[in-house]
Amino acid sequence: MAVNLKQLTQSEDLLAGGHRACAGCTGSNILRQIMLTAGPDTVVGGATGCMEVVTTIFPYTAWKTSFIHSAFENCAATISGVETAFRALKKSGELPVAREKMNFIAFGGDGGTYDIGLQSLSGAMERGHNMLYVCYDNEAYMNTGIQRSSATPLGAHTSTAPAGTVKQGKEQNRKDLTKIMVAHNIPYVAQTTPFHWKDLATKVEKALACDGPAFLNILMPCTVGWHFDTAIGMEIAREAVETNFWPLFEVEDGRYTINHKPKERAPIADWMKKQGRFKHLFKPGNEHLLETSQKYVDDQWEKLLKLEAMSNG
Amino acid sequence: MQQKLVALSGNEAVAYAFKQARPHVAAAFPITPQTEMMHKYAEFVANGESATEMILVESEHSAMSAAVGSAAAGARTFTATSSAGFALMWEVVYIAASLRLPICMAMVNRALSGNINIHCDHSDSMGGRDAGWIHLFSENAQESYDNGLMAWRIAEHMDVRLPVMVNYDGFIISHTADALHMLPDEAAWKFIGPYKHKYTLLDVENPITVGPLDLTDYYFEHKTSQLAAYDKVPGVVQAVSDEFGKLTGRHYGFAEEYLLDDAEMVMVILGSSAGTAKDVIDEYRAKGVKAGLLKLRMFRPFPAAYVAKVLAGRKAVAVLDRSASFGGFGGPVFTEVRSAMYGQKVPVHGYIYGLGGRDFDLRQVATVLDNLQKVAAGGQIEDVNLLGVRL
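Quick note, the sequences are listed as chains A and B, same order. Quick note on numbering: this note's numbering labels position 227 of the first sequence as 227, and the sequence is numbered without any gaps. Heads up, this note's numbering is the position in the second sequence plus 313, with the first residue counted as 1.
Keep in mind that the hints were calculated from the coordinates and are not lab data. The model shown is predicted, which means the values in this text are computed figures rather than measured ones. One should not assume that every hint holds.
[Stated by the list, open to error] Simulated pairs of lysine-lysine, PhoX-like, Cα-Cα distance not exceeding 20 Å: (1) B:K603 - B:K591; (2) B:K600 - B:K559; (3) A:K279 - A:K167; (4) B:K603 - A:K90; (5) A:K303 - A:K175; (6) A:K90 - B:K509; (7) A:K306 - A:K295; (8) A:K91 - B:K509; (9) A:K6 - A:K198.
Model the full assembly from the supplied sequences, consistent with the hints where possible.
Here is the structure:
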């Protein structure tokens with residue numbers, strides 16, 4: 001199972017241009033990359049959120065495969081229904097076009113996944129549907145106006161936890177959804193970014209090939225919510241990995257593999273400095289917050305190394 | 314048609330009816346008093362009597378969501394719930410109707426919280442009366458079973474394509490063993506037939522987008538086309554019921570008209586309470602009181618023209634609601650009936666009874682009939698009255 005760039009370039013682009021994503025959005029790039037690997041025998045579900053809104057404004061759709069949106073918090077449950085219908089209709093010989101296998105992919109942002117849709121996601125994963133759930137994690141509720149989510153990192157400015165004269169943005173650390181998904185003991189869980197195209201395509205391939213549910217958490221730098229120049233979204237994604245803020249790793253049947261270990265991790269402050277959402281943290285008096293952020297990243301990385309060693313031991 | 318006489322609870326009867334429709338998928342989460350219905354269905358599947366794929370979800374919100382996904386994929390799909398379970402589905406209940414998905418649902422009527430109460434009233438389904446589903450009500454296990462068969466034909470009719478809920482009273486019907494006639498499986502299948510969908514997500518050669526963002530430029534037109542669908546429902550309900558009547562000898566319409574021909578006074582009621590009301594009406598008839606009963610079977614879409622016609626010229630009408638509309642002018646059935654009677658000089662009064670499973674007894678019916686006589690004679694009573702409650 002080796003991803004071949006040449007082959008990918010020849011695959012049909014299943015997300016048409018002309019969708020309404022913002023200039024510099026890395027989310028549509030994530031969708032396109034996933035669909036290049038998944039191919040046309042796929043049904044896509046979208047939770048209410050940026051990528052749903054920008055790809056399906058009636059009477060237009062950017063989707064060249066079938067797509068369903070129902071609501072915000074229920075994408076996993078909705079796709080679990082589609083997947084079950086596929087199995088039932090295959091069993092009774094009533095599929096409109098005979099297929100041995102189809103891909104069922106649910107997309108949600110961090111709002112639809114970490115927060116309001118967590119129950120629906122957990123249920124679908126536990127039930128063992130043959131589906132891939134993809135979280136495009138842009139670390140806040142961007143679609144509704146950049147409100148904090150449980151994926152927002154400590155100190156980030158958002159519209160509901162803004163930096164002010166007495167508060168310095170979000171006061172809590174982000175929750176580790178990827179590990180929550182690992183705890184479901186499903187066949188495949190992984191993290192990646194749109195910059196690491198080969199890593200991403202390989203992970204999509206593995207996720208779709210496994211027998212049972214799979215979960216991908218994909219960091220999606222957001223030019224509007226993170227406040228960086230529209231040209232550097234991919235660079236922000238790359239540096240999130242080089243700082244160990246967003247490690248590339250996968251968990252196959254409980255076995256951890258870190259797919260990229262930076263030779264010398266870059267300081268988290270370098271990455272934060274490029275993003276307006278962290279601007280206030282560089283004011284005098286907030287040094288401790290930068291230190292706390294660095295310590296959090298380093299601690300999480302140490303834990304991940306231990307998990308890798310333990311699960312392969 | 315040779316039919317088998319059996320003794321079943323309402324829950325079992327509806328489980329059998331749904332099984333005879335050979336649905337592809339069922340998605341449900343347990344809640345009292347619906348539980349036994351899904352237990353029975355799970356047994357069918359476990360014993361190989363049904364090939365239905367069950368999605369045993371973690372909440373009713375996911376039950377309705379999975380049902381939407383399944384139906385949009387072209388599978389015949391059902392769910393079942395009660396009370397708070399339906400309330401949790403809320404958002405997706407509207408979506409199912411708006412996407413024109415012919416899902417069938419067993420709605421085992423139970424009071425809404427709070428305070429929490431597991432017994433029958435109609436506050437659950439009534440809360441969803443504007444969500445776009447077709448609401449059928451049943452008086453007993455037989456009618457629950459019959460509605461459970463006809464629901465599929467109505468929901469899946471190409472002019473309709475709307476979800477149907479089969480309402481039957483929690484515990485009073487759901488948990489009471491009752492005698493009923495069942496169609497043989499083959500006859501039921503011949504009546505219902507296979508599901509023919511119009512669109513499916515699974516047709517890889519004709520991909521579709523379902524549930525797009527619909528803004529100021531199109532949403533209203535889409536809602537208008539949805540509204541137009543409800544005009545088609547009464548005709549389809551009647552046609553399906555007529556066909557069913559020929560097959561089984563059990564005849565249904567929008568309502569059952571009990572001793573209505575010469576009735577000067579009419580009670581309007583839903584569900585199991587009709588049985589109690591009929592008994593007392595019989596007693597009053599024996600005393601020479603010209604009373605009758607209109608037992609509504611189809612509450613949504615509300616058959617306003619039919620109701621206006623059937624109640625025209627009566628001396629007094631009493632509408633009984635097993636739910637309250639807090640802050641509203643009487644219960645939901647009363648509001649509809651009074652509105653349908655606009656322009657007629659027939660006095661229409663409302664009653665709220667039986668909340669949280671409070672027994673609907675013979676004395677309450679007698680009170681209503683006594684009041685009807687008083688009103689018919691020109692007397693005055695309150696617009697909206699309470700029955701069977703300590704004040």
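| field | Hint check, failures only | value | Numbers 2, 4, in rising order.
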